[in-house]
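These protein sequences, in sequence, are chains B and V.
Each number in the numbering used here corresponds to the 1-based position in the first sequence with 45 added.
Each number in the numbering used here corresponds to the 1-based position in the second sequence with 45 added.
Some hints here could point you the wrong way.
The list makes no distinction among identical chains, and a pair is therefore deemed to hold if it is satisfied within one copy or across any two copies.
Unchecked claim - The list that follows gives simulated cross-link-like pairs (lysine-lysine, DSS-like), each with its CA atoms no further than 30 Å apart:
id, residue 1, residue 2
1, 77, 265
2, 122, 327
3, 78, 195
4, 304, 327
5, 410, 243
6, 77, 397
7, 330, 137
8, 122, 417
9, 265, 78
10, 392, 327
11, 330, 257
12, 257, 327
13, 77, 304
14, 302, 137
15, 137, 417
16, 195, 51
If you're looking for bench data, these hints aren't it; they were derived computationally from the structure.
Number of protein chains: 2
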Amino acid sequence: MSILYKNINYLDLENEKIIEGADIFIEGNLIKKIGNNLQIKASEVIDGNFLLMTPGFVNGHTHLGMSYFRNYADDLKLMDWLENEIWPIENKLTADDIYWSSLLSICENIKSGVTNFCDMYYEMDKVCDATIISGIRGTLTRGLTDNDGKGKEKLKSVRELYNNYHNKANGRIKVVPAPHAIYTCSENFLREISDLSKDLDGIINIHLSETKGEVENSLKEHGMTPISYVNSLGLLDNHVIAAHCVHITDEEISLVKDKKFYPIYNPTSNLKLASGFTPVDKLLKNNIIMGIGTDGDSSNNSQNLLQDMHIGAIVNKAREMDEEAVKAIEILKMATINGQKALGISKAGLIKEDYLADLTIFNLKSSNFTPKNNLINALVYSATAEDVRDVLCDGKFVMRNRELVNLDEERIKFEVNRHFEELVKR
Amino acid sequence: MSILYKNINYLDLENEKIIEGADIFIEGNLIKKIGNNLQIKASEVIDGNFLLMTPGFVNGHTHLGMSYFRNYADDLKLMDWLENEIWPIENKLTADDIYWSSLLSICENIKSGVTNFCDMYYEMDKVCDATIISGIRGTLTRGLTDNDGKGKEKLKSVRELYNNYHNKANGRIKVVPAPHAIYTCSENFLREISDLSKDLDGIINIHLSETKGEVENSLKEHGMTPISYVNSLGLLDNHVIAAHCVHITDEEISLVKDKKFYPIYNPTSNLKLASGFTPVDKLLKNNIIMGIGTDGDSSNNSQNLLQDMHIGAIVNKAREMDEEAVKAIEILKMATINGQKALGISKAGLIKEDYLADLTIFNLKSSNFTPKNNLINALVYSATAEDVRDVLCDGKFVMRNRELVNLDEERIKFEVNRHFEELVKR
């Protein structure tokens, strides 16, 4: 299959500008040619006037299976929320429950322009299946804890998941081990996961330095802040997808800046759970490559990455009392090229020849783009999911005219409601 | 005309809960009867299953005419932005330009569930005309400055505007004088506006304590912080719609808490312009009645009040490092009953018999409401403008199935683009 976009506007991240009226030729799963007046035969030719193409967005940290807990318990103290509300019901989830909620979350991700995500949850074979069907890309990471004494068993299951799914679906699926957090994994277990990772692709995903409490406990128990602690265990010799890093210290920044350490910023979740204000401006000024994510529905309470991009951009200006802090272009990089780098995906996240054809296409006729001023700013400060018209992943449409191509959204909502009714009765 | 909603879910703000399966009868411009199994003949009967009715939202502070400056200049220092980017082009706006941009902004307000707003701009007769046509309610306030030596002339024009438009369109239009800010009005002019207000309805609208710079200059020039300064001039003897109040001091809170002083919170604008974090939690704890607004498109960069409601709710939890700060229900009150109080509109902002039938109706079948958990939280943390299905103002539909009833959105976007092209050439 091939597609030729004629006269389309696109986001050129390397030059930090919008290119107007280009022709873009997509063949197989790649962007093959970008130019003007391209004379190439394609299976489909699309008029790109009034369209704006960006690289597909990357939701760098989420828990797809948590749709059931959206608006289930809010405005509560974190530990009260987790221990009394979320964990008791979460423990009753079945594999089938997680399959349907993951599909619902994937719908919402696609509808906000997302083509790749990093998920941390369990029953990950079901999440892999859901991702394969959806047509988008995913890094699937089993959240690992050993405070239930089942650490060994879980490590074995990650290896199985890797063998069964890694690089499946034309490479769209990646399987990565994921210690849940330092407060749910023993020191020995963290070392074992690190060893497993080195045996696989050398990537791990972990929640790090999310709350003040985590930092205080780490200092008390290990005499070190969380990131220094995992470094002392050798974990940071891996490529680390580090969710949150709200309370990363200057010392830790120095420690990670030359490592393959990729913080994922989760603005909505961090604000709503009162975790704090991640020092995004400082991290960027230290040339640390960051991604951005929604986190799960229990804290976000949606999977609309465009909202997080917007909130992430504006809140850091007030945090720094500097209108020039964390500009729109920086947020767009976090959501595209840097998000892909954070997940270890190469040749993705740019609109560039020979890059993956993972693409998000906005409707410039929408009110939010009227009048047409700086489109880079419009993407971050004005655009909403409603303005995303089409999404392609791996060279194929996954949403077209806001209709999902591979997923039956009405059926999925029906199943989520049905499964939730059963869940609360258990 | 009359409408009977059967089996609808609605937000009961007085009891802070959702009532399920009620019948609501609307006649003329009022909610006439709320009950179960109402046997009343109505011109139209609507099945309310899968619908959620809230009072229409109130955008407590905006500049409708500024659509042209959306994404026109962002990520710049405030004074650089105003003096070098916004003011030079704003000075070239014609009455006709403002008419069309106001209409575009009203479209966006309605599409995010807004039925009433407080606008501060100029060429206000045109904005009154736009509001009348749209079918929604508005407090129209001419932004007054006298640093151009034309203060007297402007006061006269406010009186004319009041005579021509106040209480027009079945009372939907209110005209209120509005000193722009303490740094653009002389002391004498502020006193004159206050006198004018007392001569009219006793309401004024003003930007107050928006930035640190404003506070510092006020201390330097008047030896008082901004709110104390306007109090010293007698301004606070009026009913005051006070936009921003980001830097309101404890002393000022004590000063205003027993007055008719209504701060309007503008979260997006305050964050994006790096003005700071408004102490919403503290203001609420002092029983100060607050509204919420979008501010203009040049700083927001949209007119989507639901976004501000969401951002306002989450950012204050991080500001206070308290997950329980500024709960969803508080934000909903700011956007409805308290917003109406702030604009001096009585018997509005509640779903209650004999209250104005200004109503926003959400589609509960949307993904954001799946599964159906706490709907109060869902409204603030999950819902987006896309989920607003219908909007009624003064008992009449102004949007139905997301189609605007009185406004031709395509024509309006066309005219805004055309006027903007001419504007930049001037």
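Results for each hint:
no., hint, verdict
1, 77 to 265, "neither (54 Å within a copy, 62 Å between copies)"
2, 122 to 327, "both (28 Å within a copy, 19 Å between copies)"
3, 78 to 195, "neither (51 Å within a copy, 59 Å between copies)"
4, 304 to 327, "within (17 Å within a copy, 43 Å between copies)"
5, 410 to 243, "neither (49 Å within a copy, 45 Å between copies)"
6, 77 to 397, "within (8 Å within a copy, 61 Å between copies)"
7, 330 to 137, "neither (44 Å within a copy, 39 Å between copies)"
8, 122 to 417, "between (43 Å within a copy, 22 Å between copies)"
9, 265 to 78, "neither (56 Å within a copy, 61 Å between copies)"
10, 392 to 327, "within (27 Å within a copy, 49 Å between copies)"
11, 330 to 257, "both (23 Å within a copy, 25 Å between copies)"
12, 257 to 327, "both (18 Å within a copy, 23 Å between copies)"
13, 77 to 304, "neither (32 Å within a copy, 66 Å between copies)"
14, 302 to 137, "neither (40 Å within a copy, 49 Å between copies)"
15, 137 to 417, "between (50 Å within a copy, 18 Å between copies)"
16, 195 to 51, "neither (56 Å within a copy, 53 Å between copies)"
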